[in-house]
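Visitor: In case you want the letters, here they are:
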Amino acid sequence: MNFTYLFVLIWLALLISGGVLLFSRGFLLARVSKTETSTCRRLSTNPNDEYFLTDEVVNEVFKDVNASAHLCLPQKTKVIILVVDALKYEFGLYKENVKEPLPYENKLKVLQELLEQSPDHARLMRFRADPPTTTMQRLKGLTTGSLPTFIDIGSNFASPEINEDNVIDQIVKSDLPLVFLGDSTWTDLYPRRFKRAYAYPSFDIFDLDSVDNQIMKHLPKELASGDWQVLVAHFLGVDHCGHKHGPLHEEMARKLGEMDAVIRSVVEAMDNETTLLVMGDHGMTASGDHGGDTDDETNALLFAYSKQHRFYGNDTGSDSEMLQQIDLVPTLATILGVPIPYSNLGLINFNLIPEIPVPHLNRFQTLLLHVWQNAQQIYRYFFQYALENKRTFNVDEMDRLETEFILLTHRVQTIYNEAAFKSFVRDLNIHLRDILSTCREIWVRFEPTQMLHGLLFSFLPVFFIFLLVNNSRPADYVRIFKAKEVFYTYLINLAAGVFGYRYYKNFSFKTEEHGVIFFTALASIVILAFHTLRHWASIVENWAAVRRFGHMPTRLLLFGSMAVFFSNSFVIQEAKMLSYLLAGSILVLSHELLRLSARVEFRNKLKVSQLLRSTALRLILASVLAICFIRFAYTLFRCREEQGNCTDFATSGGPGFSLKKPGTGKSYILAVFMIVVYTTLTRLYLRSCGNLTGNSANVLLARYGPTVASICAGGHVLLAHSSIKNIQRSHIDAMALVIYGLLLLQIVVVSVAPLMTFVLPPRTGNTVTINGNESIVPEIFRKMKRMYEGDDDVERRNAIPVVYGLATVYSSIVIAFGVFLALVMIVLLEPRASIGLVICVAVGAILLSVHGILRYRTATSFESCVQPTFTALVGWFLLAHFCFFATSHQTTLSQIEWRAAFVGRTTGLGQSNVISGCLVILNTFCGPIFFFCMYSLLSTETFSLFALFPNLIRSCRNNAGKADATTTLSELANEAVGFDMTRGELTLYEYEDVFLGANFKLAAQFFMLQGLKIFCAMLACTIHCRHLMVWKIFAPRFIYEALATFVSLPALIVGYLLLLRIHRAVDTLIKRINKTKVH
Amino acid sequence: MVSRFDQQKTKHQLFHVSLSLATILICMTYMQYRRNWAHLGSFWDSLVVPIVFIGELLKVVLARFYGRIEDGVLTVKQRQKKATYFTPRELLGGLTLQFLCTLLYAFICIILGAPVLGNYEQTFVLALLMTLLTVSPTVFLLGGGGALQVCFCEKPDFVTKCEDTALNLFKYNALGGILGAWAGSVVAPLDWGRDWQAYPIPNVIGALLGSALGNIYACTHVLYATARVYMTKKRS
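Protein sequences appear in the order of chains A and B. Under UniProt numbering, residues 1 to 1079 are what the first sequence spells out, in order. Under UniProt numbering, residues 1 to 236 are what the second sequence spells out, in order.
Everything labelled a hint here was simulated from the structure, so no lab data went into it. Think of the CB as a built atom: it goes at the ideal place given N, C-alpha and C, for glycine as much as any other residue. Errors might be hidden in some of the hints.
To be verified - With a straight-line cut-off of 20 Å between C-alpha atoms, the simulated DMTMM-like cross-links for lysine to aspartate or glutamate are:
| # | chain 1 | residue 1 | chain 2 | residue 2 |
| --- | --- | --- | --- | --- |
| 1 | B | Lys-171 | A | Glu-273 |
| 2 | B | Lys-161 | B | Asp-45 |
| 3 | A | Lys-576 | B | Asp-191 |
What the hints assert, rightly or not - Chain A is nowhere near these chain B residues, computed Cβ spacing over 12 Å in every case:
| # | residue |
| --- | --- |
| 4 | Leu-58 |
| 5 | Phe-99 |
| 6 | Thr-232 |
Build out the structure end to end from the sequences listed, making use of the hints.
Guide: This is how it looks when you write it as structure tokens:
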């Protein structure tokens, strides 16, 4: 069969994706991580050591403070770090006189008690995180002291080891034993560093307790053992509680109460030479999620306590209110007396450092040594980085910073008293913060060549698809893409790829990837240009036939959907924009239909009864219904922070918190109802088409599968979210697993025996009487006959086998496949969102039927009939993207539905990250995946609709009085569209070249639209790359669009593959029937 | 070519178009004079709806004025139609039709994104304006039944030539109004923080500007035809 088109599609998809990938590498590129590490000579208080701290040494040091960078002062205390995931600042504040505290208020009483008891020994501070506020990014920031990169955010499921210098490595290198308990993200980031590690996976976010319980079990033992210098415990319960219930649930009160008890017990058990640090790695929004950069998410809590030693006070110039998270690294290094990691940018905060006098040193001398060490480390890193990455920083800016630093190096020599030290520290801190802000600005830096190449190589394929595919006739593709040539194309691409891989350095590309993509894309573009030139004559001919200013409204709609990317307010309101445009395209479609065919129905007098019976009114009502559905979907949209009055992001702190949307019982019931309605309607449709007759595998599956699946989906929706506690998790999971299994079964069945037809063996000598027009099945029956004979040959009628469901042979399988796909998505989506999916499917069905009728009323030949109108194409495209928003998604990074990764897998079944990723992608992009897999319906539905409502064609053509009762339907159809359409989708088989070509063209057109869209997203990012909102709005939008592209191109290919498989099966069926006929 | 040039018709068209443009100009002046956009959404406080109403009435009067000339050549049906123009039945029918249209427009506004609960007055004003711009002129000219027939059937035979001219121009007006109101919503999501971005105002202004554009388009057509006739005359 014809797999050439498939390979052409794959080639084009790779081409576009390559361009997008290249752009994203250039655009989202951030810091180049350095692998250098810091070292130092540790001054010891032990006289046997090499660097014993004596007066002479001190004098030596203060002769030239600038040379002291390689020295470390001795360790001050041991450290216990309790990380409580998502411990928000507000959780730790004590509010007096609150009668009825909210569940998260006043639960950590121990902090307040310690603060009151000994204010000099305890500190409570705001702990400001840098976005993105996901746990792994935060851990990286907390241990390396550097600013996080932007793109890492997606890799939260697969933690790679850190290769940058960090405080954990420094601790290990200084032979200080580390013990770790809790979240296994730590052991993923730092394998083999810990003396003892009790790591537990953070996989199941519904599980509030098991990790915490394990920590609590081992913690007392570890505290007592005392063979460690640093102990880290990472609790997950609070974060999981936020994700599951939100901060306002009573579970939160319980979890915080537990944390309170843990802190109490640790305070009790710790000795005098230990510093306790309790910290949250990030906060949470009002709904309990995190990832973004709102104040709610970035403000975590830090609490420090030391039993015996006072902390340094406010006079050291450090902020006592707020601590940036990167400042923790140098502070920790100072307490432990280890070198500050090489790439740290934070400052030591002396409010957290226990004041332990160092022999032979003054207080201010100690401080000065610490401060200056920190300053030199930052200076070394910053200028080394600037040297290696030229043109990263502004030259004038660099000069200014360098001069300032040199001034400071002179000044540091002349500090002999506290007052001078204080003013020096103040200036130094300002200077170092200056460097930090410079870095922060620059490290979201772009790679212009990669961006340019990305833009170019995603635009050119789109352009050539437009020229070559869009302007050729479906039957011509056989000539354009020959199997052999496609094979050579792949070979050339391979050669170009190898060339790029080998010689990328010669062309001054930074990575192999860039070289490979550049050269393959270049080769492919040349091949495409060659194809275009070779067929230029026919292209020009077809292009000339296109009406000027045709489809103007549709083009405007398309333009609107592309223009969205260029304005931040449109991106924010994109959900509404898309529904506006989608409603527009439906209106345009129904307007075309009315203009072309409906007005003729009443010629002289308007009669209400006639109006009510007319198809036009029904179609208008259907369109209105579709628009009502779209309007209803408004209630399912998720809002984003930038929109005012968004309850998901209510004002920070205080009573603005909202409970995790409890998803009222009503919406669950509605969701279940919708699922049932959806499966019932598709079943009815399939049955009325005769596709549920017989007992082939796919028919059986389509008959019983959706029922089982919808029961399971309904059960899952109701049980997974119910407040009933004592249902076993595995029972709920089983229902989701059944649905997954059914989809897999469907895939297997489709690839083995896809047909949903039933061949009635021919009975000889037995006249089969058919009562026409009574129901649809006999209708099809009759049609099948006519088809096999070519004419109504009565004698041979009985020898002909009867095939049920042949008129919808293509679309029925696609629809049945879609049901299983949709049910999997429904079980992954939350209940509200699954309503949205069903609504979108309904809108899609209406779009298909309106378009189908329009198409066969206006088509003049098979070729035009099998190709959908441009408006329908754009409508379908908009619908696919609208579905993203209708299923409660939003293009912000903190609103990704991670929950989907755990549907059906909470009992520890298949903990692979790949499956998690797939499930989250399926959830997030359910719209594009579903509608692009089903895209072939756009061309096949026309025919099955005609088979279902054949009389609709009559009214449009017979106005000249041609129609008399004797003309048969097929003649009418012949007259109307130039071929016999009454055979339904079997006609498609007869014109297989055109049909396959048209579907290839359709897929390529969707490629073109999607490519155009992602190109616009990229262009918008390029134009706005210094926009205030680029990281908050444009970059996330681009990331979502890029992912949508990576997902929807394969989905289209899957759709085409499905069609090819069905086509092949139809081919064998017909051949078999013909064979039996001959015998 | 020359013979088909109808001076009366062209005059009528030009007057008609300038009347609509003048109406919209007056509306704009009025808005400018009020300096406060918020009143556009309220029914009692704003003069836009009455101004448009008067404008549409004047256009019908204009059509009647030019129709006077061809009184002599009317067919029987046209005469019958004219006789029933002021009967209560026709009047009632027309009013009902307009009321239903207003409701329909309100419904359309809501399904296209207007708030379902609340803002009824604004939606009503917008719906009323849309009715005035689209359906009302036809109803004023032909009565309720006639308007329905014109909308849903092929051209009925009771329409006089001059009414036909007016209907053609009404079509531009209505199309422009609908598209303008539709396009007006585009500015709503922008974050400019202007007071005129509140719900009905962009749509109301869009409808007015849209109908103005429609009229200008019609006007250019008429002028173009006139100019061509003029040129051919001059050449010959």
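Visitor: Among all the numbered hints in the text so far, which are the ones the structure does not match?
Guide: Hints 1 and 2 are the ones this structure does not satisfy, whereas the remaining hints hold.
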